[in-house]
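Novice: The listed protein sequences derive, respectively, from chains A and B.
Under our numbering, the first sequence has 240 at position 240, and the numbering climbs by one with no breaks.
Under our numbering, the second sequence has 14 at position 14, and the numbering climbs by one with no breaks.
Everything labelled a hint here was simulated from the structure, so no lab data went into it.
Don't take each hint at face value.
Each pair may be met inside one copy or between any two copies, as identical chains are not told apart.
[Claimed, not checked] No farther apart than 20 Å at their CA atoms in a straight line, the calculated lysine to aspartate or glutamate pairs in the DMTMM-like style are these:
| # | residue 1 | residue 2 |
| --- | --- | --- |
| 1 | 227 | 124 |
| 2 | 206 | 244 |
| 3 | 174 | 95 |
| 4 | 227 | 44 |
| 5 | 174 | 224 |
| 6 | 193 | 112 |
| 7 | 200 | 39 |
| 8 | 227 | 74 |
| 9 | 193 | 18 |
| 10 | 106 | 213 |
Protein chains: 2
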Amino acid sequence: MTEQAAAIQGDDALTEADRQGLYRVLLSRRDVRGQFMPDPVPDDVLARILTAAHYAPSVGFMQPWNFILVRSPEVRGRVKAAFQQANDEAAAMFDGERQAVYRSLKLEGIMDAPLNICVTCDRDRVGPVVLGRTHIPTMDLYSTVCAVENLWLAARAEGLGLGWVSIISEPALKEILGLPERVVPVAYLCLGKVSHFYAKPELAAKGWRRRLDLTDLVCLDGWDGPKDGALARELARAQDAAEDGTLI
Amino acid sequence: MTEQAAAIQGDDALTEADRQGLYRVLLSRRDVRGQFMPDPVPDDVLARILTAAHYAPSVGFMQPWNFILVRSPEVRGRVKAAFQQANDEAAAMFDGERQAVYRSLKLEGIMDAPLNICVTCDRDRVGPVVLGRTHIPTMDLYSTVCAVENLWLAARAEGLGLGWVSIISEPALKEILGLPERVVPVAYLCLGKVSHFYAKPELAAKGWRRRLDLTDLVCLDGWDGPKDGALARELARAQDAAEDGTLI
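Input sequences plus hints: build the corresponding full structure.
Specialist: Listed below in structure tokens is the structure:
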């Protein structure tokens with residue numbers, strides 16, 4: 001092992017301010033669809049955000065991602081059309097009042113945001129055998145999602161809003177962006193300055209679905225395993241704090 | 001819309017210290033396999049980390065995740081055995097010198113870490129039709145991965161190491177943990193205090209694979225699209241900064 005390889009992070013790698021900063025960014029992150037402003041994203045800010053994505057974990061250090069920055073109005077128009085077709089199909093799957101609510105929701109900012117980013121996964125980046133992907137073949141897709149979440153958090157830390165457009169056909173997106181067969185478009189994102197961020201997730205604020213109690217989602221040693229009472233009290237306390245936008 | 005629903009985050013929701021904290025945590029996060037200490041994870045710390053996961057984005061606000069905390073030595077022993085079988089199969093897929101290097105790597109901390117966590121995805125949590133999952137059926141799995149990445153970052157912010165064990169058969173893991181058919185074990189994690197963190201990713205430090213140049217991974221408007229020269233310079237600058245552990 002080289003001297004560089006042996007190097008470890010110093011004890012002062014992180015501070016209490018960093019810890020609080022991480023939680024504050026996590027809790028204020030939103031899926032943004034409707035509050036985009038036209039201001040362009042400065043190159044230095046975009047570079048930091050994409051670097052945050054690139055420093056995500058990846059299976060076998062595979063780094064399977066690419067970032068296609070979609071600025072062209074023509075390309076975005078085709079993506080918007082693909083969204084609209086998928087969204088009409090999606091709306092028809094909901095019944096009655098639920099469909100009315102669905103149709104009232106704004107679910108993308110493709111043309112409004114100053115920038116769209118498609119984050120892709122090249123499943124053949126390092127050949128067919130990947131350390132850590134031998135038994136769970138979706139691990140490279142999961143790695144790419146970690147990059148998306150890093151990107152999302154960095155955007156929020158920079159004061160930018162981001163929305164993930166998932167109501168779209170993958171084959172349509174692949175055709176529009178000219179992706180090779182082996183490349184999966186994992187996430188199509190809208191990024192930009194926003195007029196404001198919601199205090200709560202938009203789907204919760206608009207009554208679509210409520211936040212679950214974390215205590216109901218944690219158990220011990222197996223799917224039907226017991227609860228830990230002392231931990232459950234801490235979970236409830238932490239969730240209360242998170243609802244106030246803070247986790248100390 | 002209720003008054004609460006209309007509420008927006010204040011202008012002071014995030015500070016410059018928060019922005020820097022997010023990047024510092026992102027860049028110091030590591031996939032830990034070999035440096036675990038036996039100290040238990042305190043309940044209040046664990047509650048914050050799980051809350052960070054629970055505040056991840058999810059398609060249609062579905063929150064499909066559960067967190068199974070695996071403390072039982074007996075259950076962990078069965079998981080370790082399933083890892084060992086998969087790892088022997090995996091090693092055989094690599095040739096010659098690469099296989100020797102593979103066999104020299106420590107790839108899990110199942111018994112060493114004080115706590116294991118299986119993060120699962122309940123694909124039927126809200127019924128068959130999910131807002132945003134109508135056209136990309138894997139969106140709920142992707143949401144669960146976002147929760148994993150949040151959990152990972154929060155752990156690092158709390159000074160804890162985390163490793164993702166992906167060399168294991170999903171059916172074996174489902175059987176050991178008693179997961180219903182509809183529930184996918186997305187990530188099996190080892191969490192705990194560590195003696196130290198590597199300064200660079202372990203697989204890079206040990207010569208398995210190097211970090212790619214971000215400039216090679218970013219292009220405009222399509223897979224074979226052009227580069228933006230000014231942005232490329234900023235990307236190279238940001239990656240240089242990240243290699244030094246900072247992004248200002």
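Novice: Can you give me the call for residue 227 and residue 124, within, between, both or neither, at a CA distance of at most 20 Å?
Specialist: Classified as neither: same-chain Cα gap 42 Å, cross-chain 22 Å, threshold 20 Å.
Novice: From the Cα coordinates, with 20 Å as the cut-off, is the pair residue 193 and residue 112 best called within, between, both, or neither?
Specialist: within (10 Å within a copy, 45 Å between copies)
Novice: Cα distance capped at 20 Å. Does residue 227 pair with residue 44 within a copy, between copies, both, or neither?
Specialist: between (47 Å within a copy, 16 Å between copies)
Novice: Between copies, within a copy, both or neither: which fits residue 227 and residue 74 at Cα up to 20 Å?
Specialist: between (54 Å within a copy, 18 Å between copies)
Novice: Please sort residue 106 with residue 213 into within, between, both or neither, judging by C-alpha distance up to 20 Å.
Specialist: Neither. Shortest intra-copy (27 Å) and inter-copy (37 Å) distances fail the 20 Å Cα cut-off.
Novice: Could you figure out if residue 206 and residue 244 sit no more than 20 Å apart (CA to CA) within one copy, between two copies, both or neither?
Specialist: So residue 206 and residue 244 pass the 20 Å test inside one copy only (18 Å; across, 43 Å).
Novice: Under a CA distance limit of 20 Å, which applies to residue 174 and residue 95: within one copy, between copies, both, or neither?
Specialist: Neither way: residue 174 and residue 95 sit 30 Å apart in one copy and 34 Å across, limit 20 Å.
Novice: If the cutoff is 20 Å on CA atoms, where do residue 174 and residue 224 land: within, between, both or neither? Let me know, please.
Specialist: Close across copies (12 Å), not inside one copy (41 Å); limit 20 Å.
Novice: Up to 20 Å between alpha-carbons, please classify residue 200 paired with residue 39: within, between, both or neither.
Specialist: neither (24 Å within a copy, 36 Å between copies)
Novice: Tell me, please, which holds for residue 193 and residue 18 at an alpha-carbon limit of 20 Å: within, between, both or neither?
Specialist: between (24 Å within a copy, 18 Å between copies)
In summary, the numbered hints that this structure violates are 1, 3, 7 and 10.
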